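Trainee: Chain residues, written in single-letter form:
There are 2 protein chains.
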Amino acid sequence: MPLGEFDVIARYFSRNSPRGDVLLGVGDDAALLTPAPGQALVVATDTLVEGRHFLAGTPASAIGHQALAVNLSDLAAMGAEPAWALLSLSMPQSDERWLADFADGLYALAERHGVALVGGDTVSGPLVVTVEVLGFVPPAAALRRSGASVGDLIIVSGAPGVPAAGLEELQSGRATFASQDARVRRFLRAEPRLALGRALRGFATAAMDVSDGLLGDLGKLARASSVGACIDLERLPVAPELAGYPLAEQERLVLHGGDDYELLFTLRANHFGRIAHLAEAGGCSLRCIGSMVQGEGVECRRAGARVNVAGQGYDHFAS
Amino acid sequence: MPLGEFDVIARYFSRNSPRGDVLLGVGDDAALLTPAPGQALVVATDTLVEGRHFLAGTPASAIGHQALAVNLSDLAAMGAEPAWALLSLSMPQSDERWLADFADGLYALAERHGVALVGGDTVSGPLVVTVEVLGFVPPAAALRRSGASVGDLIIVSGAPGVPAAGLEELQSGRATFASQDARVRRFLRAEPRLALGRALRGFATAAMDVSDGLLGDLGKLARASSVGACIDLERLPVAPELAGYPLAEQERLVLHGGDDYELLFTLRANHFGRIAHLAEAGGCSLRCIGSMVQGEGVECRRAGARVNVAGQGYDHFAS
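So the sequence lines, in the order shown, correspond to chains A and B. Numbering-wise (this note's numbering), the first sequence opens with residue 0 and increments by one. Numbering-wise (this note's numbering), the second sequence opens with residue 0 and increments by one.
Keep in mind that the hints were calculated from the coordinates and are not lab data. One or more of the hints may lead you astray.
Any copy will do: because identical chains look the same in the list, a pair fits if it lies in one copy or spans two.
[What the hints assert, rightly or not] Cross-link-like lysine to aspartate or glutamate pairs, in silico, DMTMM-like; alpha carbons within 25 Å at most:
1) K219 <-> E248
2) K219 <-> D231
3) K219 <-> E4
4) K219 <-> D180
5) K219 <-> E80
6) K219 <-> E298
7) K219 <-> E95
8) K219 <-> D6
9) K219 <-> E110
10) K219 <-> E295
11) K219 <-> E233
Note that the coordinates shown come from a computational prediction; the quantities given were computed from them, not determined experimentally.
Modelling step: build the complete structure from the supplied sequences, incorporating the hints.
Mentor: Below, the structure written as structure tokens:
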């Protein structure tokens, strides 16, 4: 017999909160929380739809991870510290095995970052997962997209493009969800860059996470900052997992791959050494790929000469 | 040509915020907000799925209204003052007429209650609408489900069952969405009881909103409070819109009708006169339907004798 709605919540989504600032969690009409005094509240929400944001057949634990991770990545991009999450889960039926795996994936990531699940909604419908995350940042230290100036360096963290390569392995049938291929593991379990985001407080002049592709997202950052951007294609970071790809494929994955939680940000040039050192100490490499320039849009150069790069960021309703 | 994702947000969901506590609204990775000092943060989220929470063909403006109203009703049930909302909208395509109507319905209700839309997500997928609402309440004054004691009166606001009657008019084909029938209008545009919720601060010993049917929801309140409830069926409020129904139909609609935003709460008997007076001054009638008793569950009486009433509250995964 399928579980009822209230049994689903009681059995899978009512783990005890690890936080003292939760006055009332799952189970009443709303959650009651104690905001951190003097801090700005940071709130993000993202929705994952089966067949669009994750492939049919994706392990439930990976969906639970991703639904929270994509939101934590938004908080990382603000320099924020996450605190609480809410989950809205629409699903065709209440399959206990699926729910247990989903909850395990979500709670494992939540616990690593001290996040308490404090409420939500469970309804029957198509498989659509919405998570909201709330957190804090000192108001003046919040990282926005709009503060980059001409001359600022453009930095990207880690190894963009690897999750997109993993997705292509799965889509092509060359790998299964159970594969130990590093690209597939990264696609299913990419980690949001929360520690890096906090380290950038007071240093990054603008920041965002790379969710729709590096090139398209850099265009958004440049537009929000009312300046242009210029990047050197030779300087793009190419992860070991992409070493075997032809150059054009490497560039395509790094510039246009989505499902990434790397941070893209700008810095005054004299801050780069210090921030790179801090990041490396935390196990995160940084790469300077160019600088902000006068004008608008993103210019790509190879050997100092301007080149045209096809493709745009991901748009859900593009025809 | 259909609108792109970012055009949808810019065109329909970026109206200027009426609030000074929004540091950064729609358009960055997350919203930045200033919590009210000394208040508890109250957070609720609800999801509406086409064909489940609203009928196919429902006017978009009514869906926009309902998606926000169901959340504001949760805040009303906590005695909270709403401040901000986020919207996650999954929809098959970006139909401009639909979006404009949806946004009108949502913003009209938001503006009546001083709520700013500060962020969200727009994706392509089945029509699923999730709204999250954030607000404030003095921590000690928050209304919970769990504080009712033996002897407390059980009170319900307004006219429960009218929206459910409106839904049945639509489902049966006796009325259309354009109908001026008062039951249909109430179903499409029920108003959350925010003023009443705030008036109950410091008086209601327990409270919730009636979303899954009065009888089932009273059972939840009794269980959360670890006491029983006893109601007299003769005392149920019957709205003028239901006057023409047979008695059994009136009781069915009032006891089991969902899609209601009435408040169900308990009070010490000596507070009822004062609260009823306050509520009537605000245009909201109150009805005492029984009292909390020792034991568990909900007992229904007619002419003082116990009767069995069939039916339960709504459960999304009930077989």
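Trainee: Using 25 Å as the alpha-carbon threshold, which applies to K219 and E80: within, between, both, or neither?
Mentor: within (24 Å within a copy, 35 Å between copies)
Trainee: Under a CA distance limit of 25 Å, which applies to K219 and E110: within one copy, between copies, both, or neither?
Mentor: neither (32 Å within a copy, 30 Å between copies)
Trainee: Between K219 and D231, at a C-alpha cutoff of 25 Å, which is it: within one copy, between copies, both, or neither?
Mentor: Classified as within: same-chain Cα gap 18 Å, cross-chain 62 Å, threshold 25 Å.
Trainee: One pair to classify: K219 and E4, alpha carbons no more than 25 Å apart. Within, between, both, or neither?
Mentor: between (41 Å within a copy, 13 Å between copies)
Trainee: Should K219 paired with D6 be assigned to within, between, both, or neither, using CA atoms and 25 Å as the limit?
Mentor: Between. Shortest inter-copy distance 13 Å satisfies the 25 Å Cα cut-off; intra-copy 43 Å does not.
Trainee: When Cα atoms must be at most 25 Å apart, do K219 and E248 count as within-copy, between-copy, both, or neither?
Mentor: within (23 Å within a copy, 57 Å between copies)
Trainee: When Cα atoms must be at most 25 Å apart, do K219 and E295 count as within-copy, between-copy, both, or neither?
Mentor: within (10 Å within a copy, 58 Å between copies)
Trainee: I want to check one pair: K219 and D180. Are their C-alpha atoms no more than 25 Å apart within a copy, between two copies, both, or neither?
Mentor: Neither. Shortest intra-copy (32 Å) and inter-copy (48 Å) distances fail the 25 Å Cα cut-off.
Trainee: Is it within, between, both, or neither for K219 and E298, if the alpha carbons may be no more than 25 Å apart?
Mentor: Result: close within a single copy only, 13 Å intra versus 60 Å inter.
Trainee: Within a copy, between copies, both or neither: where do K219 and E233 come within 25 Å Cα-Cα?
Mentor: Classified as within: same-chain Cα gap 22 Å, cross-chain 63 Å, threshold 25 Å.
Trainee: Have a look at K219 and E95 and pick one of within, between, both or neither, based on CA distance no larger than 25 Å.
Mentor: This pair counts as between: shortest inter-copy Cα distance 23 Å, intra-copy 41 Å.
The structure is inconsistent with the numbered hints 4 and 9, although it conforms to all the rest.
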